[in-house]
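Enquirer: Those protein sequences? They're chains A and B, same order as listed.
All the letters of the first sequence, read from the start, carry residue numbers 1 to 476 under my numbering.
All the letters of the second sequence, read from the start, carry residue numbers 1 to 476 under my numbering.
Careful, some of the hints might be misleading.
The list makes no distinction among identical chains, and a pair is therefore deemed to hold if it is satisfied within one copy or across any two copies.
Said to hold, decoys possible - In silico DMTMM-like cross-links for lysine to aspartate or glutamate, where the CA-CA straight-line distance does not exceed 25 angstroms:
{"hint": "1", "residue 1": "Lys212", "residue 2": "Glu446"}
{"hint": "2", "residue 1": "Lys212", "residue 2": "Asp436"}
{"hint": "3", "residue 1": "Lys175", "residue 2": "Glu228"}
{"hint": "4", "residue 1": "Lys175", "residue 2": "Glu446"}
{"hint": "5", "residue 1": "Lys175", "residue 2": "Glu437"}
{"hint": "6", "residue 1": "Lys85", "residue 2": "Asp3"}
{"hint": "7", "residue 1": "Lys365", "residue 2": "Asp257"}
{"hint": "8", "residue 1": "Lys321", "residue 2": "Glu123"}
{"hint": "9", "residue 1": "Lys212", "residue 2": "Asp162"}
{"hint": "10", "residue 1": "Lys85", "residue 2": "Glu471"}
Keep in mind that the hints were calculated from the coordinates and are not lab data.
Number of protein chains: 2
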Amino acid sequence: MSDQHVSHLVAIVGAANVLLGDDTLAYVTDYRGVFRGQALAVVRPGCTEEVSAVMTYCYENGIPVVPQGGNTSLLGGSVPDTSGKAVVLALTRLNHIRHIDELNATMVVEAGVTLIAARTTAEEAGTLFPLRIGSEGSCQIGGNLSTNAGGTAVLRYGNMRDLVLGLEVVLPNGKVWNGLRALRKDNAGYDLKHLFIGSEGTLGIITAAVLKLFPRPRAVCVALLGVETADAALQTFGLLRQRLGTDVTAFELISEDAMTLVLSHLGRQHSPLMTLHPWHVLVEMSSTATQEDADAIFVTTLSEAAERGLISDAAIAANEKQVADFWLIREEISDAQTRTRGSVRCDVSVPLSSIPAFIRETSAKVLAAAPETRMVVYGHVGDGNVHFNPLRPGNMTPESYLNRHGDSITRIVDQAAMDLQGSISAEHGVGTAKRDELLNVRSQVELEIGWRVKQALDPLNLLNPGKVLPELPSAA
Amino acid sequence: MSDQHVSHLVAIVGAANVLLGDDTLAYVTDYRGVFRGQALAVVRPGCTEEVSAVMTYCYENGIPVVPQGGNTSLLGGSVPDTSGKAVVLALTRLNHIRHIDELNATMVVEAGVTLIAARTTAEEAGTLFPLRIGSEGSCQIGGNLSTNAGGTAVLRYGNMRDLVLGLEVVLPNGKVWNGLRALRKDNAGYDLKHLFIGSEGTLGIITAAVLKLFPRPRAVCVALLGVETADAALQTFGLLRQRLGTDVTAFELISEDAMTLVLSHLGRQHSPLMTLHPWHVLVEMSSTATQEDADAIFVTTLSEAAERGLISDAAIAANEKQVADFWLIREEISDAQTRTRGSVRCDVSVPLSSIPAFIRETSAKVLAAAPETRMVVYGHVGDGNVHFNPLRPGNMTPESYLNRHGDSITRIVDQAAMDLQGSISAEHGVGTAKRDELLNVRSQVELEIGWRVKQALDPLNLLNPGKVLPELPSAA
C-alpha cells in the first residue's frame with residue numbers, strides 16, 4: 001500500500017523529490033532534536049500545481065500531510081508524529097520571487113523563499129521587508145506566515161500577519177485558492193487569508209504570498225541603556241513613543257543575569273555600558289529623516305529620560321559596526337542559553353502596563369520554588385513579550401534542574417501570564433508542545449469555534465493533525 | 001406567534017427596548033432611504049448578557065437577527081429584508097468605554113460607542129484613535145469592526161482590522177466568546193477575531209473590542225497640490241513616502257470635475273490654489289516631531305517634487321483653521337454629489353501602480369458610453385482606493401442619466417478594476433447591494449470557503465441572512 005502511494009507521489013513530483021527511509025531524517029526531526037517522528041515519505045513539489053496534485057492524492061487516499069518550511073519550529077509544529085503514516089510536504093522548492101512592484105510596495109514570493117532571501121530582494125530594490133527573526137537564514141516565508149512570526153521589529157511593523165496582503169493556498173482537497181491580491185483595501189467579502197495565517201498548516205497549504213514593503217529608513221539609531229527597574233524601563237518606553245512615535249523600532253529588555261550569561265558566552269569583559277545594571281534596554285529607532293536629524297532627536301530624548309531619572313546610563317552606537325555589535329549581545333542570548341543547557345523556556349506576553357508586576361511577582365515565585373535560579377529574562381518588552389527563561393544555578397546539572405523544577409517553573413510562569421490576561425505563547429505558536437496547555441488557558445467556547453473552523457476547511461483532519469487544536473473532552 | 005416572541009424579548013430587555021410597528025421605521029430603512037425592509041421587532045439590549053439572551057431565544061426559535069450599529073451602511077448591510085421575520089438587534093445602548101490603559105495604548109469599548117466618542121475619549125487621554133471616516137458622528141465601533149471601515153487615515157494606520165487587538169462576540173447560539181485580549185503578540189491558537197471583523201454581522205455579534213491607541217502627533221502639515229496627470233500624482237506619492245516614511249498620513253486625489261463641483265457646493269470662487277488643475281492632491285503629514293521640524297521637511301520635500309516637475313502648484317495650510325478648511329473641500333465632495341443627484345458611485349481599488357492606467361482607460365470608456373459625463377473621481381489614492389463616481393451632465397436629469405447609463409457605467413468601472421486585479425468594494429463592503437456581483441468577481445473556490453465558514457459558525461443561517469454571501473448555483 002505504502003509502495004503504491006510512493007509511486008503515485010513519484011509520478012507527480014519525480015523520484016528525486018520523494019525521500020524515503022534515512023533520507024527523511026532531517027525532515028522528521030526538528031532542528032533542536034527535541035521532536036522526532038516518522039514519515040511515509042517526504043515529498044518536495046516544485047510548483048503550486050504539484051502541491052495541488054499531491055494534496056488531491058492524499059485527500060483521496062486519507063493520507064495525513066505535514067507541511068514544512070525551514071523546520072525551525074521550537075514547538076514541534078513542523079514534524080510528523082511517530083506513526084509513520086503522514087507525508088511531509090516540504091515547500092523548499094517553491095523558492096521563487098514572482099514579482100516586485102515598487103510603487104505599490106508589494107512583492108509576490110513563494111512559500112519556500114527564505115526570510116533572508118525575501119529581505120535581500122527587497123533591499124536590492126531600495127525598499128524594506130521588515131520581518132526580523134533569529135532564524136532568518138533558514139526559516140521560510142510559508143512558515144513565517146503559518147506561525148505568524150514575530151521578532152525584533154514587531155513594535156514598528158507588526159507581526160507577519162500585518163505584513164501580508166494576499167495569499168495563494170492549496171486546500172486539503174487539493175483545490176487552489178488564488179487570493180494573491182495586492183490591495184491595501186478590499187472589503188468585497190470575507191477576508192479569508194487570516195484563516196490560514198497563524199494556523200500552523202492545519203487548514204491549508206500556503207504556497208505564495210503578497211508581502212508588504214516599506215520605505216527603507218535612511219537613519220538607524222541604537223543605544224544600550226542601563227535601568228534600575230522594569231518599571232523605569234517601561235516608563236522610558238512611554239516617553240520614547242511620545243517623542244519618537246512609531247520610529248521606535250525595537251525596545252528589548254535584558255536582565256542582569258541574561259547580560260552576564262551572554263557576555264561570558266561572547267567572551268567579553270563588559271557590555272558597552274562598562275558596568276552591569278539590574279536591567280538593560282536595547283533600543284532602536286529608525287527613520288526616513290537624515291541620520292543627523294535622527295541622531296539629534298534620539299539623543300535629546302534619551303537625555304530627557306536621564307534627566308527624569310528613568311535611565312542610569314546609556315551607550316549610543318556610533319556607527320554601523322557598533323549597531324551590529326550592540327545587537328549581537330541581544331541576539332546571542334538564546335544561543336548562550338542553549339549552550340549552557342538547563343533553562344526553562346517560556347514565551348509569554350502580557351499587557352505592557354503589567355510587565356513590571358509580571359516580572360517582579362513571577363521572579364519571586366520562581367526563586368521560591370527553585371532557589372539560586374539565574375533569572376534570564378529578556379525580550380520584546382515594547383510588545384509586552386517576555387522570554388522568561390529561568391536558568392539552572394551553576395552548581396546544578398541541567399538534568400537535575402530540569403527534572404526537579406522544569407514543569408513547575410513552566411506552570412508558575414504560564415499561570416502568572418494568564419492571571420494578568422496574557423498569553424502562554426506570544427510568538428512561538430502552539431505546535432504539539434503547547435497544544436494540551438490550551439485546554440487550561442482557552443475557554444470551551446473558543447476551542448469549539450476553532451474545531452468548527454477546522455472541520456469546515458479540513459473535514460477529514462488530514463492537515464498537520466495533532467497540532468494546535470487540543471482534543472476536547474466532549475469531542476466536538 | 002409573533003406576539004409570543006415579543007413578550008419573550010420584552011422579558012429580556014424591557015418593554016422600552018422592544019420597538020414595534022412605526023417605531024421601527026428608522027431601523028428598517030437605511031439613512032439614505034435606498035433600502036427599506038420590515039422587522040418583527042427592533043430589540044435594544046443594554047449589555048452583553050442581554051445580547052446573549054436575545055440571541056439564545058432567536059436561535060431556539062429560528063428567528064433571523066440583523067445586527068445594527070449607526071445604520072450608515074451604503075450597501076444595505078444594516079437593514080432587514082422585506083419579509084418582516086427578522087429581529088433588528090440595535091447595539092446602541094452598549095455605549096460604554098470600559099477601560100483605557102495608556103501605557104499599553106489600548107482602550108476597551110462597547111460596540112455601540114460612536115466613532116467620535118471613541119476618538120474623543122482617546123484624545124482626552126492624550127493619545128489617538130486614528131480611524132477617520134465621514135460618518136464618525138453616527139457610526140459605531142461595532143459597525144466599524146464588522147465592515148472593516150477605512151477612511152482617510154488608512155495610509156498611516158491601516159483599516160479598522162488593523163486597529164483592534166481583541167473582541168467580545170456573542171455567537172449565533174447565544175454563547176459568549178470573550179476574546180478581549182489586549183496583547184500585541186498572541187500566537188496561542190487560531191486568531192478568531194479576524195473571522196468576525198469585516199464579515200458584516202453574518203458570523204457573530206461583536207459586543208466589545210480592545211482598540212489600539214497611538215502616539216498623538218505633535219505636528220500636522222497639510223497641503224493642496226495641483227498636478228497635471230494621475231501619474232505625476234503617484235510619483236509624488238512615491239517621493240513623499242521615501243522622504244517622510246509612514247508620516248504620510250493621507251494622500252487624497254481630487255479630479256478637476258470633482259473640484260469644480262465641490263467649490264460650487266461650498267459657494268467658493270476658487271480653491272486655495274486659485275486656479276484649477278486636471279488633478280489635485282490633498283496631502284497630510286503628521287509627526288511626533290515639533291511643528292517646526294515637521295514643516296521644514298514637508299516644505300523641502302514638496303519643493304523637491306516641484307523641482308522634479310511633478311507638481312505645478314502647492315498651497316500649504318498655515319494654521320489649524322486652514323487645515324480644517326483644506327480638508328472641508330475633500331470631505332464635502334460626497335455631499336456635493338448627493339445634492340446634485342445623478343452620480344454613479346463606485347468604490348474600487350487597484351494596486352497603486354495601476355491607478356494611472358485605471359483612471360485613464362476607465363474614464364475613456366465611461367465617456368464613450370455616456371458622453372459629457374462629469375468625471376467626479378477622488379479618494380484615498382495612497383491606498384489605491386478611488387471613488388470613481390461619474391456624474392450626469394448638467395443638461396440631463398438625474399433620472400434619465402441613471403436609467404440610461406447607471407448599470408452600464410457600474411459594469412465598466414467594476415470590470416476595469418477587476419481587469420487590473422482590483423476590488424469592486426474597497427471600503428464600503430458588500431451588504432445586499434454588491435452581494436450577487438461577487439459571483440462574477442470571486443472564484444467558486446473562494447465563495448465555497450466563505451459558505452463553509454458561515455455554516456460552521458451560523459449553521460441555521462440566522463445572522464444577517466442575505467448579506468455578503470451570494471447564493472451559489474450548486475448550493476454549498
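Enquirer: Where does the structure disagree with the numbered hints, that is, which hint numbers, in rising order?
Expert: 2 and 3
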